[in-house]
Structures are given as structure tokens and as C-alpha cells.
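*Asks:* Taken in order, these protein sequences are the chains called R and D. Count the first sequence with this note's numbering and you get residues 1 to 358, in order. Count the second sequence with this note's numbering and you get residues 1 to 323, in order.
No wet-lab data here; the hints were simulated from the structure. The model shown is predicted, which means the values in this text are computed figures rather than measured ones. Be aware that one or more of the hints could be misleading.
Listing some non-contacts, in silico: residues in chain D with all C-beta distances to chain R over 10 Å [said to hold, decoys possible]:
#  : residue
1  : I4
2  : E14
3  : D20
4  : G37
5  : E39
6  : D56
7  : G57
8  : L148
9  : A155
10 : G195
11 : H197
12 : A205
13 : R215
14 : G216
15 : I252
16 : R313
Cβ-to-Cβ under 7 Å is the rule here; a few derived chain R residues that face chain D [claimed, not checked]:
#  : residue
17 : D62
18 : N69
19 : K90
C-beta: ideal position from N, C-alpha, C; glycine also.
Each chain, letter by letter, is given below.
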Amino acid sequence: MNIRPDVSARPIPVTVITGYLGAGKTTLLNRILTGDHGKRYAVIVNEFGEIGIDNDLIVESDEEIYEMNNGCVCCTVRGDLIRVVQGLMKRKGRFDAIIVETTGLADPAPVAQTFFMDEDVRARSRLDAVVALVDAKHLLARLKDSPEPEEQIAFADVVLLNKTDLVDADTLAEVEAVVRRINPTATVHRTERAAVALDHILDRGAFDLARILENDPHFLDATDHDHDHECGPDCDHDHDHHHHHHGHDHHHRGLDGRVHDTTVGTVALSGGELDADIFMRWIQQVTQTDGPDILRLKGILAFRGDPDRFVIQGIHMIVEGDHQRPWRDGEERRSRLVFIGRKLDRDKLESGFSACAA
Amino acid sequence: MPTIAHVEAGSHVEWAGFLDDKPAFALSEGVAVIAEGGEKRIVLHDGLTAAAPGRDGATLTTGGEDGALKRLGADGGVALLRGATGKWVDAVACGPAGAAAAASGRSATVLAGDGGQRQIACERTIEGLAFAPKGQRLALARYNGVELIWVAAQAPAQILEWKGAHTGVTFSPDGRYVVTTMQENALHGWRLADGRHMRMTGYPAKVHSLSWSARGDWLASSGAPVAIVWPFSGKDGPMGKAPLELGSMGRILVTRVAFHPREEVVAIGYENGMILAARLGDRQEAVLRREAAGAISSLNWDRAGRRLAFGSREGEAGVIDIA
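Here chain R stands alone, though its shape is the one from the complex:
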């Protein structure tokens, strides 16, 4: 995959809702559809749940994963989404945005990659954000017996920690810590019955290079001790209290499967100015060789001699990067890159990143 500039004229936003069975996807979907926003949605579902979805335009499609013939095992797309999105676009006056509700067992990567790898879909729509619902009561048990919830959290831009009314405060704090450890870059909201302000999940621009990480103004401020979790702007819990209650360590280096049955880890790298050419070669090589294990990557980079911030985001082997905006006066020109994935080699990534220093 090449690093390629963002295509800005992608008019129809697509929100992907993931979450294990019973996490509250249909409840959230109905909240979106009945919200007071004047927007019309086309909804793509892979299975009709028992609870009805209240919308005029629902398309049922059979989940169909296509591996691309390019020798890359992680380059997968969803054939059903390609077909349905193209079909919907033929009657585009009917709706303003698309919501994809995946099955509880769906892998979010092919869903997201469809919006980057298929040129026809890419030309007509843009992935806005991946929203994962997590059942606060059952997550810890689910993580022990199935890989999907962890994958869905790792992949998400927004996590709704749902059903908070069914657990006590300590359990909730523990579950939230697990979620943040799996994915420190996602924004986490605690919800009951999936009640969330819709602007927290819609129109996030999570893959829009012009906006990416603007939702996380502290992204560059993080210390090198990145194993301490970061909070989005909507973080509403007490950090001290949170940490006080959590004796177990938050290091990502150890997989810590003993405690929480998680296998996804995070490597966060920070530095000063980078050499653009060296960095580009390195990130290409890293995503080519380790792409299958990299679920998401995000970064803000300061290239020597470049007045603009360079932002980068990736899914497996797909990497997109572009200039975002000029560095502001007084803004420290720092670079930060976060990988979320499996079997990440922190030492290798750290030394590779360090070698990009200008």
C-alpha cells in the first residue's frame, strides 16, 4: 500500500457500529434514527435482530469477506458493502449518511478497509468512525472466551461502555481500564441503554486527516510513559480515584493475559522532528511486514523543514498521510505515533522510530 493523499470530496459519511451480541447495537441504532437531527439514514445490517429497527431504508446483506489477490493476508474487504454502497449511491437523494451495523462476530477490519481499498466506494463515501459498544457487565467474561470483543474495541474510534447501571462502581472502573488498555486512543463514554449525545458518535471525522486527532487535543502532550491511559476530552472520571483503585499494572509490554485475557497491545512512540524521507520509508516497511498485526495506527509528525503538521492514520497495511495545518506559534514541534495491534515488537518499533529523528 502506498501512502496517498486524502481524498476530501467524499460526501456521504459512513458510521460503523460494532459490538458483541447483546451489547446494545440495535438500541443505539434506534437512538440515532429517532434522534432530533433532521438527517435521513440508510442502514445496512447483516442480520435482522429480534428488536425492530425503526427506519425506512434498511438493506440486509450477507457478510461476504473478500481477500484481495495481492499476496497480503490482511487486505480484506467486504464484498457485500461494496455492492450495497454502490447500489445506494444510485439513489443518493434518499439519505444523508450511512450506518453499517455489523454482527456481533464481525471483524471490523474488512469493514473499514472497504472504504479505503475499493476505489468505487472510496469515491462515493467516506468512513466517519467506528463505534464499538461494550457490555460493562459481560465484557470481562467475553474477553476470556472470544476474540471479537477485543478486536472491536481495538479498532474503535469511540467506545460506548454500555449497561453501566448493571455493574457497581469498582467493576465499571475495572472494565473501563481494560477498554482503555486495549485502545488508549479511543474516546470512551459510559452509557446506560446506549444513551449518548449523538455528536459524540456521528460526524467524528475519525479517518479524516484534516480532523484526525483533533478530538484528542492531548495526543501530543502524552509523556513517554504511554502505558498510563489517556482520556479524550469527554473523559468524566476521576483519574486519581481511577488509578488508586487499580493496583494491577498498565504496561502494554506484557500482554497481561493472566489478568484480563487481552492480547492486543499498544506501542506509543514520541520524539522531536523527523526526517520525512527516512520516516516514509520506515513506515512503509513496517506496515508491509507487520501490517497483519497492526490493527490501527495514528500519528502527528513534525518533519524537519516542513511548516505543517503531518498526520497519518492506518489500518493494517493501508496507510494514509497528509499535511494537516501549520504548526502554531509556540506549539512544540513534536512527533507522536501510536500503534494498536497484536504481537507488536516495542523495541524494534522504538529503534526504527528513533532512527527517523532529524
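Once you've looked at the hints, dock chain D against the given chain R.
*Replies:* Then chain D, alone, in the frame of chain R:
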């Protein structure tokens, strides 16, 4: 100089052609327009997702978002072939003697000309359908290959395997070859006699349109800034041969191709709305329609090869008279 009669389509044109030589247009909104002596508008579906003309050129078989299948006649009459199923019709094909087939997700329905119906289940989503020239066999394009089923018999399907997602399928007019469009920017072909593979690659974009010349000597394709026309006249088809490249308009992508019903002339529609005709022999080209708003989404000749019906993604439509 060609003249163009414009037709008010107003929304994405799924199919533009002729029914008994009357210009007809099927719109994704679900309306058909028959344009002769005024425009007759017929509501077929709430959302039309697939359409294929009958072999006799007199009817159009259509599928809707609700799963219904209908057949439109040149007089505007509509017959219901199958009621609503609730699931989009992804592909439709027509065979001889009024036979039709439709695919929704992982199942296909074969409708014999005499009204008999047969369901075919597939392990993967069926993306493309095509009847063999004589109509005894039906090709189903799906992930990792093509299934060739016998329309009237329960014999096991013949599987043509090739890794990857096959999104459309066509038989050569002599029935010797099956060719698919792929999710990758490529075509794949099989010689049915011995299963020999033919890879046709090098396209900068996905191929959405294929058209055989009248005698089956050539296969034209979209997916490049020129029409890519593969030679199929030799015994090995296009293997080891370079295709013709016709109708270069700079970097403007070709979106539709349509071979003339008799001559070795191909009509080429572009993403900027242009339409051009190119002759294979002397490479002579003639512009039939200038740049407009939408990419050409359908392009078909009448029986005599004197008129071309076209439609675009933005709802422009019309008939070009080249006489």
C-alpha cells in the same frame, strides 16, 4: 453528423436500450421510460437494482430493492415474474425462450420460459449471472470462481476456480469461453474445452462493462482510459496477444462499451459523459456525444445498428442517431 434526442430520465440510468426498437430506459429510482411518440413512464419498483434485456430484444427483465422480478414489454405492459422477497436483487440475466435468472445474496432463482422455477443455493454471494448461448447452462460468478449449472438438470455444477472475487460473468457468443470481471482490476477467462486459464490484467480501474463483437472475435472492456479490446478469434483466445486500445481521450476513464450488432465498431462511453464510436479495422473514431454532467452508465445499440441509447449516472439519457 449524429443527432441526439434527449430523454428526461432525471436519475441514475441502470439500463438504456431498445425494446422492439423503441428507445427504453430503466432508472434506479424504479421507473421505466419508453420514448416513442412522447415519453411513457411506468413504475416498476421502488428502487430498481438490476435489469437485463431478453434475447429477442422485446422485453426487459428487472429486479427491485424489494426482491420482486418484473418483465417490461415494448408496449409498456408489465408482468410480475416473482413477488417481493425483501432482499435486493443483485443480478439478472436472460436466456433463450423467455428464460430468466436472478440472484439475491447467496441464492439464485431460475425462471424457465414456461413458468417453472428453480432455486440454487451457493456458498458465497452470487455477484454475476449469464446464460450460455444455447441456454442449457447458467454461469454464477462468486468468490473464488464461477459455477456452471445445468438449467434443466440436477447434475452437479462444474466449478471454474480462480482465486479472488468475481463480480460479473459473460459467455462468448460461440459458448467456448467464460470471462469474468473481478474485484481486482482484471478479467479472468476460461476456455471451457480444457479449462485453460486466461488472465487479462493491467487495467487501472475495475472493469464494469464487457461487450462481445457480433461474431465473438473481440471482447471490449471498460476500466481504462481507452476501450481495451481483446482478440478471441484464434484457438487460444487472447493468450499471448496484446489487446487493441481504442478511443483515447487523455486520462478520461471508459465506463461503458457496446459492440455494434453487425460491424466491428465499438461504442465507448466515458466517465465525463462523452460517447465515441471506434472502428477496429482502420481505427477511425467519431465523437457521438460531447462531455456532459455524468459518467455513462449504460449504452446499447438498436437491432439495425443505426441508433444508440445511452444513460448516465446523473440522470441524463437520450438516443443518438448516427445515420
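*Asks:* Please go over all the hints and tell whether each is borne out by the structure.
*Replies:* To see whether the hints hold, each was checked on the structure:
1. I4: holds, 23 Å
2. E14: About 7 Å separates D:E14 from the closest Cβ of chain R, which leaves it inside 10 Å; violated.
3. D20: With a cut-off of 10 Å, D:D20 remains clear of chain R, as the shortest Cβ separation is near 26 Å.
4. G37: holds, 29 Å
5. E39: Label holds. Min Cβ-Cβ 20 Å, cutoff 10 Å.
6. D56: About 27 Å separates D:D56 from the closest Cβ of chain R, which puts it past 10 Å; holds.
7. G57: At roughly 25 Å from the nearest Cβ of chain R, D:G57 sits farther out than 10 Å, so the non-interface label holds.
8. L148: Non-interface label stands for D:L148: nearest chain R Cβ at 21 Å, farther than 10 Å.
9. A155: The claim holds: D:A155 sits with its nearest Cβ about 26 Å from chain R, beyond 10 Å.
10. G195: holds, 19 Å
11. H197: Non-interface label on D:H197 holds, nearest chain R Cβ at 13 Å vs cutoff 10 Å.
12. A205: violated, 6 Å
13. R215: holds, 32 Å
14. G216: The assertion about D:G216 holds, with a minimum of 28 Å to chain R.
15. I252: holds, 15 Å
16. R313: violated, 7 Å
17. D62: Interface hint status for R:D62: holds (4 Å vs cutoff 7 Å).
18. N69: holds, 4 Å
19. K90: holds, 4 Å
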